[in-house]
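The residues making up each chain are set out below.
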Amino acid sequence: MEMAATAPDSPLERAAARASNHRVTDLRARGEPFTWLLGGCLSLGVVMIIGFLLLVLWNGFLTFVPQKIAVVTSKDGKVIAGEAFRAERFRPAPDVLAALTPDERSAVAKGDGMIGRTLYRVANFDLYGEDFKWVIDPDVKSVEYPADMVIVERLEWGPFIGRVEAITLDGKAVEGNDLKAPAVVKAHEEARERWARMREIERDEIGALNHDLEVARLDVRRAELKYGADSPQQRAALTELDRVTKDMQSQFARLTAEVQALRSTSDKYSVTFADIGDREKVVPLANIVRAYRPNALTFGEQVGVYFSRWGEFLTAEPREANTEGGVMPAIFGTLAMTLLMVIVVAPFGVITALYLREYAKQGRLVSFVRISVNNLAGVPSIVYGVFGLGFFAYVVGGTIDSLFFPERLPNPTFGTGGLMWAAFTLALLTVPVVIVATEEALAAVPRSMREGSLACGASKWQTIRNIVLPRAMPGVMTGIILAMARGAGEVAPLMLVGVVKLAPGLPIDGIFPYVHLERSFMHLGFHIFDVGFQSRNSEAGKPMVFVTTVLLITLVAVMNAAAIVIRSRLKRRFAGSQF
Amino acid sequence: MNQSNIFKFAIAALASSVAAGEAGALDVDAAIPSYTKSAGVDGSLKSIGSDTLNNLMTLWAEGFSKQYPNVKIEIEGKGSGTAPPALIAGTSQFGPMSRPMKAGESDDFERKYGYKPTAIRTAVDSLAVFVHKDNPVKCLSLTQVDAMFSKTRKKGAKADAVKWGDVGVTGEWADKPISLYGRNSASGTYGYFKEVALGDGDYKDTVKEQPGSSAVVQGISSDKYAIGYSGVGYKTADVKTVPIAAKDAGACYDASPENAYAGNYPITRFLYVYVNKNPQKPLEPVRAEFVKYVLSKQGQEGVIKDGFYPLPPKVAADDKKTLGLN
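Each protein sequence line maps, in turn, to chains A and B.
Following our numbering, the numbering of the first sequence begins with 1 at its first residue and continues without gaps.
Following our numbering, the numbering of the second sequence begins with 1 at its first residue and continues without gaps.
So here's chain A without its partners, still in its complex pose (with noise of 0.2 Å):
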């Protein structure tokens, strides 16, 4: 066809277009285009996938970094104090190039007509009203790095960065302002510990009494449902509700005491800093969770705040409307919610795939079912958060609650978003991959190892226990991997079935029946959301987006580990007793 449409006239042309012609069927005969196509394609998306992740892991990893303090003074006098965050170039205006001198001006005019600027992290938010400064370089008039400048992370409004100007240690002036004096190290160690000791008090301890006192308060209002107002049974409720309110008057009373005492002793610890313009601020030894001076760190002082930063992000809650502090809680309620999820979902779609490929006569109704599945898999993860708000929180949840929990209401147990429902939901959202999946699992058991089965005398049932499903394993193992990670990286339906912002416990505690479906939770995916296009200064979120996004996926990864190690054990146990 090509022949003919260039129809060549020259005998020399004829040849050399029969010689190029040649060639490329050659190379076609060989398949050599194709290879290097789906090599391309391949390759691109190899590149892409470990860019990503490089990108990730790279911000992700230098977040916890110690950064050096610049001071700047600019050459209208101004000083300010920051950690250098990002730089840039731009096109200035008319205006800024107006307050530039002759010279700048033609230094400008003669590059590329841009300019540098450098955006500082001022910190300070209570003393400045703002976190971030940007700073042009032609304004600079000089940039130091003194080797006494503290970063102060502190458990309310943010980093300080400043001086130190006082230290205060049981009500007394330390000499030598020196945060790194054994006794200051001590008293702040001790600090912490009692700020930890008043959290366990209240959060724990109270919350426990009162936990107690709920409980009696929920039986009276029970009894009343039940046997009436002023019935015996009522009467009897009330006054164990009596019984049990005096009981925790005396042992709040006692917890209180000790509280107070905590605090004043806490109070009599301080340490005063002073900003680059010497505003003063004090600042309770309790409330540092770490001071430190970076222009002078060591190496190995350096790697000791890089890991305690990293700790504090994986074991601490979230403080500061979830912009600093960590996201233990968001780890928990991830792998609470995913391992539930596995849970249910695992014997739903093994058992559906079992009937479907097994038993049920393969006919139209199988197949219609079948490509009903297939096409769950492509709805649209969204339209499953509404379905488990409307069904399972609305619906079963309601029909919960005034059965099982009517003294609750109007507040609803079971009958809003909850780790029970956002589980069930994912639940049906990865179903058809394990339908799917153990489907094909069981297709690829060898027909006459059946057969051998069945022979020997082993009823359906059993040739499937004992044959079937051991062999099938793997791929069932691989269907449920694959459910897992969709599960675990998914957001848009937990919005609506459960998990929260800022959760006020743990789904799992020490307080009966220890598991608590029915609270909300939080997610790592989430967090990111939130973090990234919620907290009131994006900039500063931005380094905990890519934390958070790296504990993520290293978290699907350790879970898709676990889940691959166990399929190839299992697959070692039948590999010497295929044929």
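Hints are computed from structural coordinates only; laboratory data are not their basis.
Quick reminder that beta carbons are idealized off the backbone N, C-alpha and C, glycines included.
Don't take every hint at face value.
Covered, in the sense of this in silico footprint (three residues per stretch, anywhere, with C-beta under 8 Å from a C-beta of chain B), are these stretches of chain A [unchecked claim]:
{"id": "1", "stretch": "202 to 209"}
{"id": "2", "stretch": "262 to 268"}
{"id": "3", "stretch": "309 to 321"}
{"id": "4", "stretch": "459 to 468"}
Assemble the complex: chain A is given as a structure, and chain B must be docked to it using the hints.
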């Protein structure tokens, strides 16, 4: 009714009593009392409503649980429009809203309970008009803002504004197209801006609707020719606020606390929290204490922490009186 006028009326008289602190940072007025803990407060609270108030509610919840560790508070913030249905259905105890409730919403509430929901003013916010930090624009009048954002131009602008030159920017910016950012329609910020800046006109279809206040600011930081609106608390170093004049050729006022308190900045608003309070009965302890906390020194410090402006003491005292709290 024009809300901006109500706001001016409410706040101009109080302007003198509020003084901003030194250089950028605000202080809570000394006349606002510190919070004192009371006994026997427990239970659980749920708040559903405004996204603008989402962080603020979280800060209050964190502070409140420091006082009452046993009180459990859950917060959902998907837009002011989600607050009234949740209050009516009883699924939430607090309905934070960045705009006052519409008549229809409060009627729906009244139909179920027989009384109106109670509004608590919790913070002052200048609804800021943000542009990219390199944008040379010095001042915009509400008419110009309307010409940029609205297709109906109810404020009386003669021509549509699609290029920066149309609103008086000269030089290389003059022929650059204006890129619009806004909020989604469930947001109170969307509703308030529509009412005050657009004179209840309609937004252009080209406005890029963002799911959160912070997302608007992020959109503007990465789009050089962008303009958008959001609570002033969401300002970052990559955007700047444009001074706004109420009338063409009128005086321009920046979105600063002083201008907000003096009633000069034309799109200033209160941020509300709505509660279901039966006028015949006092609030139960846990809700009453939460409201007291919000209106206390500590609660108002949270407002500053989140970048908004604290209430003048008279407003806080008035709202406490309305709720029968001392």
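Now the hints, each set against the structure:
| no. | hint | verdict |
| --- | --- | --- |
| 1 | 202 to 209 | holds (count 5) |
| 2 | 262 to 268 | violated (count 0) |
| 3 | 309 to 321 | holds (count 3) |
| 4 | 459 to 468 | violated (count 0) |
Checked against the numbered hints above, the structure violates hints 2 and 4; every other hint is satisfied.
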